[in-house]
Amino acid sequence: MVDVSVNIGGLKMPTFLATASGTFGYGFEYVGAVDYSKLGAVTAKGIRMEMWPGNPMPRHAEVPGGLVNAIGLQGTGVEHFLDITVPWYRSCVPSVPLIANIWGDSIESYARVAEKMGSAVDALEMNVSCPNVKAGGHTFGQDPNVLFEVVSAVRKATKLPLFVKLAPNVPSITPYVKACEDGGADALSLINTIPAMVIDIEKRRPVLANISGGLSGRCVHPVAVKMVYEAKKVTCLPILAMGGVYDAKDAIELMLAGATAVAVGTSIFTDPGVISSVYDGVVDYCERHGFAAVRDLTGALENSFI
Amino acid sequence: MVDVSVNIGGLKMPTFLATASGTFGYGFEYVGAVDYSKLGAVTAKGIRMEMWPGNPMPRHAEVPGGLVNAIGLQGTGVEHFLDITVPWYRSCVPSVPLIANIWGDSIESYARVAEKMGSAVDALEMNVSCPNVKAGGHTFGQDPNVLFEVVSAVRKATKLPLFVKLAPNVPSITPYVKACEDGGADALSLINTIPAMVIDIEKRRPVLANISGGLSGRCVHPVAVKMVYEAKKVTCLPILAMGGVYDAKDAIELMLAGATAVAVGTSIFTDPGVISSVYDGVVDYCERHGFAAVRDLTGALENSFI
Amino acid sequence: MTDEKCRVLEHVDVGGGYRRLVLNAPNIVSNVEAGQFVHVRVPGLDESSLRRPFSVFNAQDDRLFLLYKEVGRGTRVLGLVKEGDEVMVLGPLGHGFPLECKGAALLVGGGYGVAPLYLLARSLLARNVGPVKLFAGGRSQADLLAIDAFRELGVEVFLATNDGSVGEKGLVTLPLDAEIAKLKGASQDFEIFACGPDPMLKAVAERALSANAKGWISMDRHMICGVGACYACIQKTVRGNSRCCIEGPVFAAGDLVWE
Amino acid sequence: MTDEKCRVLEHVDVGGGYRRLVLNAPNIVSNVEAGQFVHVRVPGLDESSLRRPFSVFNAQDDRLFLLYKEVGRGTRVLGLVKEGDEVMVLGPLGHGFPLECKGAALLVGGGYGVAPLYLLARSLLARNVGPVKLFAGGRSQADLLAIDAFRELGVEVFLATNDGSVGEKGLVTLPLDAEIAKLKGASQDFEIFACGPDPMLKAVAERALSANAKGWISMDRHMICGVGACYACIQKTVRGNSRCCIEGPVFAAGDLVWE
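Chains as they are written, first to last, in our numbering: chain A, 1 to 306; chain B, 307 to 612; chain C, 613 to 871; chain D, 872 to 1130.
No lab work stands behind these hints, which were simulated from the structure alone.
Heads up, some of the hints might be wrong.
In silico DSSO-like links for lysine-lysine, alpha-carbon gap of 27 Å or less [to be verified]:
| no. | chain 1 | residue 1 | chain 2 | residue 2 |
| --- | --- | --- | --- | --- |
| 1 | D | K940 | D | K876 |
| 2 | C | K848 | A | K203 |
| 3 | B | K440 | A | K233 |
| 4 | C | K617 | A | K38 |
| 5 | A | K178 | B | K440 |
| 6 | A | K203 | C | K681 |
| 7 | A | K12 | A | K249 |
| 8 | C | K794 | C | K781 |
Please construct the entire structure, taking both the sequences and the accompanying hints into account.
What follows is the structure, encoded as structure tokens:
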């Protein structure tokens, strides 16, 4: 029996497999189509203090090998989340830990929503790829100094295991990883979507109402592997890796590159069964290669590449 | 008759369509399989001062929707390039302008190879995504200050139209565009490949001998469109756009986003006929939509999106 | 809701670019309600392509009937599926039509918008609700689908085509308006159930509201997940941004906010 | 070199996981030399997949013969191509075998490495060079391909299999070494031409060099462009990093640097 549990930044996951924020609603929508016993955590859709309507339509465009989306973080706000959504999730899915993904438009608003979460969820994941209204639309995550500040503020506001989800469009992940470490993060989530845009050439206008969006799906996987590998070289923080996981091989690559746990995301839309097939395939790989625990895969490249 | 010619940073291209560096050798390798009358420029494989062996094998990995490569800029050095390669290209392909792609490991070596080129080629394109040996492996292009320095140095060394090819893995393209402007570049080439990595899970080692490489191919196209659109918003420099151009629609998207000319790259490997099909499709689009010249497509989104 | 592996029992061209796909889907068939949809993983599309949503035309004896038109890459590739192939079908999904109809049920379909109306007609008739009348519109005769099937149920059918090739020449609202006037003149209750292109739906919703009748509007939006998880298929309603896949696809006419 | 649209004339399983693909390719056939290869765009792979290179087994009367084994996704999908389908074929590519052979021509093939040796045998015999002898090795009898075709040309054939199911039990170098010893004992000239897995090629190259005979080694590398443009398919040689697709695939044994 392969031990499939992992501990990532203080969050005990019964299995190594999570869902990525924004791809699995609030965790209960797929009941009936997914084997939840194979999930180690659900990451809920992003939540901020207040209700947020999200972007106008259209919100997505399918592209070869991927999906560009600009949903715009539609959500009901933290109170509804705590009063209605979390209890409903707990009743539908009693045994899978819940990670709340949080965001804000100011450092203070991040801290407030984190504090408000109390211990109602099992961990927090910060989305730092949304615009800082004080900085003219720059994202919190694109400047290591601002990133440090917002992580520090959230750290002070919560005792929950704290994940920070980083964007892949950086020349080097190192200063961002250091900012998360210094700010007191417990773990990293890698990677967020890649900025992208699709144009309708007949209408000569962007397909998305938001003009641009984020690329996810199968094609971003090699970018995620690279980012996890680079981050692992410079940090002891555990990594929850996501980005184009469509099969067990994809998940194993991310773990060998340094991830402690892996999330499926866009692949769920095509095949909710990906949760079972990735889980089963990783366990089978461990059995075939003599790994007693999935956690032993983390960074388990041949010596010369560590 | 649609006017297909464009002038990009002083380089007169008989058509709007080029080939991307590294995907078309030195321009003559595809003779017999390509209709050169449809090309407005050939960008040669990267050249530095001295011979360079490139990376060990394996140098590439095919991934869904793309290709990860780490060829490592194998080349014979600028003297052989000028003595043998360019004359041979001119004899095989007399009417298509030649852009030399140059690189170095120091600011001085960039300037030297640029100077050495004299007027043997029709334009220079700087690859700034290679490591600066003085900066511990950071690329020249990842720091706007260093980028400014290297562009300035090359600007002083050449009177040729000067293109700078920028990497897509940045939080914002703006400071890099400004560095190119301030350094005296005549045009931008967007985008270089996206850092990526593939792991052989059975051998538990990277597939590429170089560990990681650059992702190109169909799947990077929406990332290129986004980058061109963002660059165009902040600069008057003309843009040569490349990244996942597999059909005319892909090229038109890049031009509507702001590109003056477009290059095909990885798509050539699958289908050398892409040069004809993209050219024909763009001309057909112009005819259908009443554009008298391909250059009128540049940035021709509906007013509200400019 | 289950993700059911379904064998293709029949897949035929019914003319005009429309096809009928019949699947063996006992789980979905035993749970589906009129107006719900299924989310189909199209075999032949590459493995990372999104699913495509289809209204349920009929569900009977373990067999799930879909009626669709080739409108893009997904439906073009779906057209290649052959009898005996297996297809993954997620469903039943969404909120369908309410069946507590008071008075006449006026079913209004534009093009393949009639797809969810057949199971609706059957369901209403099974509850002895009615009478059930179908108003079907399209560009031309070939766009009027399954009309005989409705007639066989005993549904009175009114047709309209843009080119006048069959029925009234003009929009489907022509015969609908006439029927509404007649019912109102006779002080008879009615409800309207509609599926089709947006302009038709908007026109039908307006008629329901101005007649003070209940209107049930099935919206067709591009979808990603189909289960309410991704928030891509938004329709503005009086309650804010609602998801067509879960709050819909059927909305009350008065709840819709048209842009 | 052209990118030729070729109709599939025949595509048959020849056992052991090997297939023969016959294409109508008048341009390529009229230009191809023994040891050259073609770069095939596999129908059924998605449109952005790379091409796959194949040695030319034979070229005659406008017909191009390929002999290949299913070794990965590309060849698996190629296996679905049917008679009458059209395939884009870029070629002929690379530098093949020199035909100025002095003395006996010892052709050494491992598995589907015999593929380029058949056209070589024909070409050598057409020049009245020889005698031509084939040494074919493989894991088992099923891996020894087209042996009868070689025999029909009048080629003397020596076989070896790892499992001893046919020919000598062991490596193909067993019968090769015996023949080399015989030829040297008789002071007869010979050249060696080889294609197969790397360890076999290295062993053959060493024998050519130590016998002071010419050795021509055809290297099999993953390729991207096939025409010398991308520098992905590198083989270390005494002249540095050489491209298998253009300086090769056939290299002089003495030029190769083994790692």
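Could you grab the alpha-carbon distance between D:K940 and D:K876 and see if it respects the 27 Å cut-off?
holds (22 Å)
A:K203 and C:K681: Cα distance at most 27 Å?
Measuring from Cα to Cα gives roughly 23 Å; hence the hint holds.
Has the given pair, C:K617 with A:K38, been kept, meaning a C-alpha gap of at most 27 Å?
holds (21 Å)
Note to self: So if I understand the rule, the pair passes when the alpha-carbon distance is 27 Å or less; does A:K178 with B:K440 pass?
What the structure shows: holds (23 Å)
* Asked: Would the pair C:K794 and C:K781 pass a check requiring their Cα atoms to be no farther apart than 27 Å?
  -> holds (20 Å)
Review point. Between A:K12 and A:K249, does the CA-CA distance stay at or below 27 Å?
Key: Judged against 27 Å, a Cα distance of about 24 Å means the pair holds.
*C:K848 paired with A:K203 [C-alpha distance capped at 27 Å]*: Since the Cα atoms of C:K848 and A:K203 sit roughly 23 Å apart, the hinted pair holds (cutoff 27 Å).
For a C-alpha distance cap of 27 Å, please report whether B:K440 and A:K233 respect it.
Roughly 21 Å between the alpha carbons, so the hint for B:K440 and A:K233 holds.
The structure fails none of the hints (numbered hints given earlier).
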